[in-house]
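K.L.:
What follows is the residue order along each chain.
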Amino acid sequence: MDDLLRLITLQDSNTRTVLFGAAALGLSAGVVGCFAVLRRRALLGDAVAHSALPGVCAAFLVVGDRSMPAFLLGALVFGAIAVVCISAIQSATRVKADAAIAIVLTAFFGLGIVMSQRIMADPGGGNRAGLDSFLFGKAASMVRADAMLIASVGLVVVLIVLAFFKELKLLAFDRTFAAGIGRPVGAMDLALMLLICVVTVIGLPAVGVVLMVALLVIPAAAARFWTESLSVMLIIAGVVGAASGVVGTGVSALAEGVSAGPVIALAAAAMFTLSMLAAPRRGLIASWHRARTLRRRILLENLLRALYELDEAAAMSQSNGREGELALKRSWTASQLSGAIARARRLGLIEPGSGTITLTASGAAAAAGIVRRHRLWELFLIEQAAIAPDHVDRDADAIEHVLPPELLTQLEARLAELGRHPKPVPPSPHAISPFDKAGALG
Amino acid sequence: MYSLAIIPFSSSDAWVMATAVVCAVACAIPGCFLVLRRMSMLGDAISHAVLPGLAMAFLITGTRDLWPMLIGAAAFGLLTAVVSSWLSRHARVPEDASMGVVFSSFFALGVLLITLGARSVDLDPGCVLYGLLEAAALDTTTVLGFVLPRALVALSVVLVLNATLTVVFWKEIKLVCFDPALATAMGISAGLVHYGLMGAVATTTVASFESVGSILVVAMLVAPGATAHLLTDRLARMVPLAAILAAVCAVVGHLLALYFDTNIAGMMSVVAGAQFALAALLAPRYGIIPSAVRRLSLSLKIEREDLLGDLFRASEAARLGSIKARARHVLPPHWRASVARHQLRVRGLIEVGPGGPILTLAGGAEAARIIRSHRLWEAFLCERLKLAMDHVHDPSERMEHHITPEMEHALRKEFARTQQDPQGKPIPQG
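Residue numbers (the numbering used here), protein chains in the order written: chain A, 1 to 442; chain B, 1 to 430.
It should be emphasised that the hints constitute simulated quantities derived from the structure, not laboratory data.
Treat each hint with caution, since some may be false.
Pair ranges (Cβ atoms, derived) [as the list claims (entries may be wrong)]:
#: 1; chain 1: A; residue 1: Pro404; chain 2: B; residue 2: His391; range: 32 to 40 Å
#: 2; chain 1: A; residue 1: Ala179; chain 2: B; residue 2: His90; range: 29 to 37 Å
#: 3; chain 1: A; residue 1: Ala313; chain 2: B; residue 2: Lys171; range: 36 to 44 Å
#: 4; chain 1: A; residue 1: His289; chain 2: B; residue 2: Thr141; range: 51 to 59 Å
#: 5; chain 1: B; residue 1: Gly62; chain 2: A; residue 2: Ser338; range: 37 to 45 Å
#: 6; chain 1: B; residue 1: His90; chain 2: A; residue 2: Ala270; range: 36 to 44 Å
#: 7; chain 1: B; residue 1: Lys171; chain 2: A; residue 2: Phe164; range: 35 to 43 Å
For every residue, glycine included, the Cβ atom is placed at its ideal position computed from N, Cα and C.
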C-alpha cells in the first residue's frame, strides 16, 4: 500500500522520470501507430521489433557494456535492415508480404536468441540482466538517463509527425494523388517506416521485443472508434498509449518479477475493448442501438402501410379478423406484429383499445405519407428505369423508410417533367393481394 | 558415443536431433498451405495466442500433461482466428490490426499468467519464446518398452496426423488453397478446410512449443514452405520438398548450435532463414540471380539481332539505292552494344573491317532470317489484324526476336505468295 501511494503521488524522483519516459513512449507509439494501422503496416512493426534483438546483442558485443544509446542504435540498424529485406523479398521474388514478414521476423529473432544465449553463457556476462530485459521489458532496470533518452526521442518523433502532418495524411489516404501532384511518395513511405522503426526501438527497454506491436497497434485501433478525423485520432491514440505505458510501467515497478510489457499490452487491450463497446458512433453498443431503433421504425411504418392498403382494398371492413389479415400481409412474426401494434397505439396512430385495429387521423396521415413515398418510388422505377410493374414492389418496400424529403421533391419534379402529376397518394401500379406473403415474388 | 572431429555429439544429442527433425517436418507440412493461402501471419498469431491456453492448463493441472495443454491451446487458437475475423468484419478494424490486437493481447495474458505462476513452479518465461530443445532427451516416457523422449513421441504423433490428413484430404486442400470459390461451389466446405488447417496449426504449435518455443515455431511453419515455393510450381512436389528442407534445417541447425554452444531452436530459425535466402538468390526459375542472368542474356540476344538487322538494312539500302533507311533511335553507345559486337565477332557472324562491321555469309543468313521475321510479322499485322501501316513497325521490332522456327514456318506458309512487306520492302527468301 505504501509503495502504491508513493508511486501515485510521484514522490520518488527516479520513478517520476521512468513514468514520464513511459508516457512519452506511449504517446509517440500511439501517434506513429496510427499511420502504421492506416497504411496496413501493423505487422511490419512486429517484424521490426523482433528484428531489433540481434541489433541489441551486436551493440553489446561491440561496446562490451550495457549502453542504452548503443543498444538503440544497434536495434535501429538491424530494424532498418529487416525492413529493407522484407521489401526486397516482396518485390524481387514471388513470395508475398505475409510470408516475407514471417521469415525475416523469425530469422532475425532466432539470430538474436542465438547471440543473446551466447552472451549470457559467457562467464564475463555480468550484464546479462540488461539483455534479458529486452525480451519482455523491465521498468525496474531503466535508469534515469535511459528514461530521458527515450522520452526525448519519442517527443522528437511526435514533433516530426506534427510538422509533416499534411504530407503524412495525404500519404495515408490517397497515395496515388500524392504521387500525381509530385510528392516523393517512395521516400515518404520509407521515412514513415523509419519512424515506426525508431519508435519501436525506443520502446524495447520498457515494453520488450515481443509485445511492442501491442503498443503500436492497439492504441491506434482503439482511437479509430472515437472519431473520423485524423488529428483527433492521433490525439486519442497518444493519450491511450501514454496511459497504457504509465499503468504498465507503474504496475511492473510495484510488483516483484512482473515485466512491464505484458501489463502495458493488457492495459491497452482493456482500453481497446472499452472503446469498441462504448464509443458513441462506431462503438458496438451504439451501432446495435441504432440498428435496433431503425428496425423498430421500419416495422412500425410497414404496419401503417399494411393497414392503409387493407383499408384501400376492402370497404372499411372492421372485423376482428384484421390481425389475421395483417399477419398474412408480409413475413413478420406474431411477436413483431403485436409489438408494432402496441407501439402504434402508444404513439396515437391506432385507436386505443384492444378491439379493432383502426388508424386514427394522425395515423392515417402518417400512413398516407409512407404509402405515397412507396408508390412514387415505384412510379419512378417504372417510368425512368423501365422496370416491369411487378418487379418494383420489393425495392420500394426497402427504400421507402429512408427516402429523404428532398429526394421526394426531386422525384415529384421529375415525374411532373414527364407529364405525370400523381394524386397525393397514387394508386398502386401492381396488384396488392392480402396474401402477399405467399405471393408470386415469394 | 559418436564424436565428430569438432562437434561434441553424444547419444542424447541424437535424440535431440531426432526430436528437432520430427518437429520441423511436422510444422513444415501444414505450413506449406499457410504460405500458399497468404496466412503466414495468422500462423504467427495462433502460435502466440495459444500461450494463455497452455498457461492455464499448466497452472490448473500443475503438470505438463499433453492433453489439457492441447485442449487449452486449441481453444485459444480457434478463439484467435474467430475473434480477429469478427473484429475485422463487424467492428471494422483493418484485418492486420485486428490480428495484431488479438494475438498480442492473448500473448501478454499468457506471459503474465506464466510469470505469476512461475513463482510456484520453475518455468522461465523466456523459454516460452525459444523453447528448451536441449532438455528434450531428459524428459522421457516409455512406449512399447522403449524409453523415448516425451517430446519426440508427441511430435511423431502430430507428424503422422498431419501427413495422414494431408494425404487423405489432398484434393480438397489443393482446391481450397487455389480456388476456394470453386471448392464451395463443388460442395467442399472451404470454411471447414480453413478451420481444419487452423486446428492443425494450433495442434502442431502446442506439440512444438516445448521444443522450439512459440516464435520459432513460426520459422518452421513458414520458411520451408516458402523456400519450396520458390523451387517448384507443383504442389505435389512442394510439400515433400518442404519436409526435406525442414529436416535439413533441423540437422544443420542442431550441429551449428552444438558448435557455437548456443540455443538450438534459434539456430534452426537462422538456418531456415539462410536456406530461404539461398533459394531466393539461386532458385533456377524464380531466383533473383538466375532471373537477372536470363534477362541479361535476352537483352544481349536482342542487341545482337538488332545489330545484324541494322547491317542488313544498311547494305540493302546501299544495294537498292534508297536513301531513306529508317534510322534507329540514336542512343549513346551502351556497354551492351560493345559486348554484342564482340559476341557476333566470336561467333563468326560479323567481321570488323576498316569501315566498320561487315556481315559474313553466316551473318548475312542470320540477318536475313531476322528481317524476314520482321517483315512477315508486319504483313501479318497489316493483312490479318488490319493495323494501319505506320503502326506495324514498332511491334514487329519487338516481336522479331521472339518468332520461333515453327511460327516462321507458319507465317511463310500464310504469306507464301507475298514478296513484299506492307511498306514495299522485299521479304528476304531463303
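K.L.:
Any of the earlier hints contradicted here, and which numbers?
P.N.:
1, 3, 5, 6 and 7
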